[in-house]
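Asker: For what it's worth, our numbering labels the leading residue of the sequence shown as 1036, then goes sequentially.
These are computed hints drawn from the structure, not numbers from a lab.
Just to be clear, a hint being listed does not mean it is correct.
[To be verified] Taking lysine to aspartate or glutamate pairs in the EDC-like style, the calculated list, with each CA pair at most 16 Å apart, reads: (1) K1255 to D1232; (2) K1244 to D1232; (3) K1541 to E1485; (4) K1668 to D1373; (5) K1252 to D1337; (6) K1252 to E1299; (7) K1325 to D1340; (8) K1716 to E1692; (9) K1255 to E1298; (10) K1716 to E1578; (11) K1210 to D1232; (12) K1427 to D1378.
[Unchecked claim] Between beta-carbon pairs, the in silico distance windows are: (13) K1427 to V1555: 18 to 26 Å; (14) N1740 to D1628: 28 to 36 Å; (15) K1252 to K1639: 18 to 26 Å; (16) L1400 to A1324: 53 to 61 Å; (17) N1740 to K1252: 55 to 63 Å; (18) T1709 to L1497: 25 to 33 Å; (19) D1392 to N1515: 45 to 53 Å; (20) T1201 to K1252: 42 to 50 Å; (21) K1325 to V1555: 52 to 60 Å; (22) S1562 to Q1256: 43 to 51 Å; (23) N1515 to D1593: 55 to 63 Å; (24) R1553 to I1603: 39 to 47 Å.
Ideal Cβ placement from N, Cα and C applies to all residues, glycine included.
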Amino acid sequence: QSENSDKSSAESDSETEVEQVSVYHKLLATLKTSPESESEEEEDDSESEEGGESETEMDSEGSQETREADEGEEDKNDVPRQEEATDAAEQTLGQEQADGADTSCDPSHGVIEEFTDVKHESEFSLETNFMEEESGDCNADQRDSNPFKQHMDKELEEKEVEKMPTLPKTSSQSKWPRLGQLTFSSTLEKHKTLKADKEVDVKQLYLHKPLESTWPKVNKQFLSSVNKPSDPSFTPLQRELFCIMNTYRDLFYPERNALTNGEEIRHAYCLHALNHVLKANAQVLSNNAKRRVQKLGTDSDDYRDQGLTRPKVLMIVPFRECALRIVHIFISLLEVSDKRKIDVSNKKRFKGEFGSDPEEKPPNLKRPEDYEAVFAGNIDDHFRIGVAILQKSMRLYAPFYSSDIIIASPLGMRTVIGAEGEKNRDFDFLSSIEILIIDQADVYLMQNWEHVLHLMKHINLLPLDSHGVDFSRVRMLNLNNWSRYYRQTLLFSALQDPQINSVFNKHCFNYMGQVAVRNVPLSGSISHVVVQLPHVFRRLEAENVTSVIDTRFQFFVDKVLPEYRDAIMSHTLIYVPSYFDYVRLRNYFKKEDLNFTHICEYTKKAGVCRARQFFLQGEKQFLLFTERFHFYKRYTIKGIRNLIFYELPTYSHFYSEICNMMKATDNGMDATWTCTVLYSKYDAQKLAAVVGIDRTAQMLQSKKNVHLFVTGEN
């Protein structure tokens, strides 16, 4: 189904284009007929998950059967090369995750056409509506101190823009009471020391109506009695985060925790996103009224208030439940009182497709609290939805070119952006995104990180079609193809990871600069290991980052595995974070005819049961075990006596979880328990999260193996 923008009332005014030709003739030259924007049928949709416990826990994984067949094929092959493996993963993970997508409205679970709301098009059109007097605060939005106006009205010089990619970033450090150690960096702006506000007066934040009055009520659930009367509306964390967001700097916060502060953070960025959209739309509606009054002279540059396409905010979240919560927050923030409800179109359909039935989850499943928090509600990971907001109304399922906010998963974005050569692909709607919010970035490492990278490569590009835009209203920054330098990126994650850091460092170009929270872990998750266990950290030497993969494999095969081949070293679990390393090890074990079994995220339930049983009874000496399986399942593996971390885990608490599984092993055997960890100097962040910063510094300086004995009280 095609998503087309509604045609601007000024589109037929050919004079506009003639007069502005000198400014954007290059842009117009790039325009061509756009293919239909969205292919709504997923050809990859196939079988659904097998039933029972497996279905409940791995909805977001999609069908496993196709991948299981692939796994059998891989058994026959030699070790895949890394570049081949990456291509294969991108394809198979895209298929695997799309398999369970968007079946909530269709009892037969067949392929369905994606719904978009075309009925309310004129009602939510920015071009044909005008500012209501009572919704006002438009004059307040024109004040020079208003952060939105300051950021969007800043005129960069061409020389500055040309230098930005080559200029080195200057950085400075600062310590804030709640966020801790911050790194401020910028290429253009001279560093103005940003201090944490100890108290925040809502009236000084330049919030658009009605947010000034609704925010304290909506956020009340997170506030405690210790909040000062002078600062009744923000928690200490929210206050400092919003202080940074409101300056339009990029932000990376790697301490998001689904159990403790996840919802606090969600509320804070929803406030910022909605505030931005309301101000932007108010400016357009106000200028519509002025143009109507003036009639003549409408070609004035005073009315440049839009992007090349309407969507302003893109929110990337992992599951449908997250999108549901965001929309509920938006509705709460727009409703001034119980008596003044806002009109939300397609609300019932939205609840049906994005909500969940509590009875669907088997009551006997017991998993850690953090697991329950991450996988709450509807965990389908293939979705996208456009949201339009106009004064006192909200339109869900708006076509993208008529939306202000797009909420989507990485996979949902990937299937509409498509790949080069595909017919029905579209990414023009990403051309004028002003705020990009990526929440729970760590979860995408467990889904498919390639989807995130693919999105980053297609955001803020010049559109291939005009989509009915009135060029006389388009900001010069958009016409100059400078949107990326004005885009604010807010990145939230539960951990620091090189891949996440890379997106923040290489794909964010905000002229206002960046703020990253860089706290170092003092103790590490090893302190939560409750079994008495000797930990041996074995260092491998690699020449560079790209050679680590092969060096680790060779180190394991030559120096570690021979020590465990003896039958005495039975019940050995090998924890493997990367699926490609897992395939390589599995093929090697088969080639060497070792007595082993294996479990990965694609293994069927019956295969998992067999492997666990063989391992517990000692019929199989080795168990290859992937990190993604643990992330999505959290089974307790019984019978572990020897543990090998082929690489440090992505989530530091997985280290203590896996070690503590030894509690389930027969008593009296603890004298022979072992734990071996492979690491290199490139694993500094992961190592610090496991053993703490002090030990990490010592271990990286020394080239010797490190022996630690943990008693559960370290």
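Asker: All the hints need checking, so say for each whether the structure fits it.
Answerer: Going down the list of hints, with the structure as the test:
| no. | hint | verdict |
| --- | --- | --- |
| 1 | K1255 to D1232 | violated, 20 Å |
| 2 | K1244 to D1232 | violated, 22 Å |
| 3 | K1541 to E1485 | holds, 15 Å |
| 4 | K1668 to D1373 | violated, 42 Å |
| 5 | K1252 to D1337 | violated, 37 Å |
| 6 | K1252 to E1299 | holds, 14 Å |
| 7 | K1325 to D1340 | holds, 13 Å |
| 8 | K1716 to E1692 | violated, 24 Å |
| 9 | K1255 to E1298 | holds, 12 Å |
| 10 | K1716 to E1578 | holds, 10 Å |
| 11 | K1210 to D1232 | holds, 13 Å |
| 12 | K1427 to D1378 | holds, 7 Å |
| 13 | K1427 to V1555: 18 to 26 Å | violated, 47 Å |
| 14 | N1740 to D1628: 28 to 36 Å | holds, 29 Å |
| 15 | K1252 to K1639: 18 to 26 Å | violated, 49 Å |
| 16 | L1400 to A1324: 53 to 61 Å | holds, 56 Å |
| 17 | N1740 to K1252: 55 to 63 Å | holds, 58 Å |
| 18 | T1709 to L1497: 25 to 33 Å | violated, 58 Å |
| 19 | D1392 to N1515: 45 to 53 Å | holds, 50 Å |
| 20 | T1201 to K1252: 42 to 50 Å | holds, 48 Å |
| 21 | K1325 to V1555: 52 to 60 Å | holds, 53 Å |
| 22 | S1562 to Q1256: 43 to 51 Å | violated, 32 Å |
| 23 | N1515 to D1593: 55 to 63 Å | holds, 56 Å |
| 24 | R1553 to I1603: 39 to 47 Å | holds, 45 Å |
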